[in-house]
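Colleague: Let's have the full structure, built from the sequences with the hints guiding it.
Number of protein chains: 2
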Amino acid sequence: MTSLWTRRAIHLAALSFLTANLGVSAMASEINTNIPVTLINSFEVPEDRLADAVRSWEQARDFLKEQPGYITTRLHQSLSPQAKFQLVNVALWESPDAYQAAIQKLGKSGIVAEFKGISFHAALYTVIREDE
Amino acid sequence: MTSLWTRRAIHLAALSFLTANLGVSAMASEINTNIPVTLINSFEVPEDRLADAVRSWEQARDFLKEQPGYITTRLHQSLSPQAKFQLVNVALWESPDAYQAAIQKLGKSGIVAEFKGISFHAALYTVIREDE
Chain A
1 MTSLWTRRAI HLAALSFLTA NLGVSAMASE INTNIPVTLI NSFEVPEDRL
51 ADAVRSWEQA RDFLKEQPGY ITTRLHQSLS PQAKFQLVNV ALWESPDAYQ
101 AAIQKLGKSG IVAEFKGISF HAALYTVIRE DE
Chain B
1 MTSLWTRRAI HLAALSFLTA NLGVSAMASE INTNIPVTLI NSFEVPEDRL
51 ADAVRSWEQA RDFLKEQPGY ITTRLHQSLS PQAKFQLVNV ALWESPDAYQ
101 AAIQKLGKSG IVAEFKGISF HAALYTVIRE DE
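Respectively, the protein sequence lines represent chains A and B.
1 is the number of the first residue of the first sequence in full-length UniProt numbering; add one for each residue after it.
1 is the number of the first residue of the second sequence in full-length UniProt numbering; add one for each residue after it.
Incorrect hints may have been included.
Since the list gives no way to pick out one identical chain from another, each pair is judged satisfied if it fits inside one copy or across any two copies.
What the hints assert, rightly or not - For lysine-lysine, the following DSSO-like pairs were computed, each having C-alpha atoms within a straight-line distance of at most 27 Å:
no., residue 1, residue 2
1, K65, K105
2, K84, K116
3, K116, K65
4, K105, K84
5, K108, K84
6, K105, K116
By construction, these hints were calculated from the structure, which means they are not laboratory data.
Modeller: Here it is, written out as structure tokens:
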């Protein structure tokens, strides 16, 4: 379990910048090139769409894992059916640019089934605090 | 403070339903109160509360990492100020029971600052898909 996490290289310069600027406003313009990033995508999945959503996610994963910059991915399912986000994907990419390029390619590929009726919140993150 | 972290009970019946529907057959017999779990907590943090939220999170982390069953934790910050969830915590615990016990203890400790004005969605998850 931990081995997947430790595969993520932390770009120290970028990390220092982030921790020093928790006001955040400068981040969007500064961080856009070549640092490892974590994609976190939270899905609001109706109970009767869970199996469909997982199948669509698998199709996307099979495509994305072949793209440049892909590191790893994990799909999490809530232990409780009452949780707002029944599925949460956590993936590592070598850079925001690599992720954006892969997602654009995925969109054009036409291989991924639509996620009708499924809301999701996807964003790129950087780790700002860990165990000390 | 206790409301910051989820206190949801883990229901075996619900879990069996989920695993049966998603074909996660190996999990059904294993998922009880003694499996490693992933806590994912997504925070909707106004920009001017970001530093406060991180400090409160650090206080909680320092307490929780000393509790039985704690494995590791990571706080993620969005690269974009437009993302719905500016902070996302991803932590590993040895079991749902260990997590619940630690959270209850944290709530009673009184050491953690309040997270006023900060909405969050916290739930326990299990990994159902990884790289193949």
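Colleague: Please write out, lowest number first, the hints stated earlier that are contradicted by the structure.
Modeller: none
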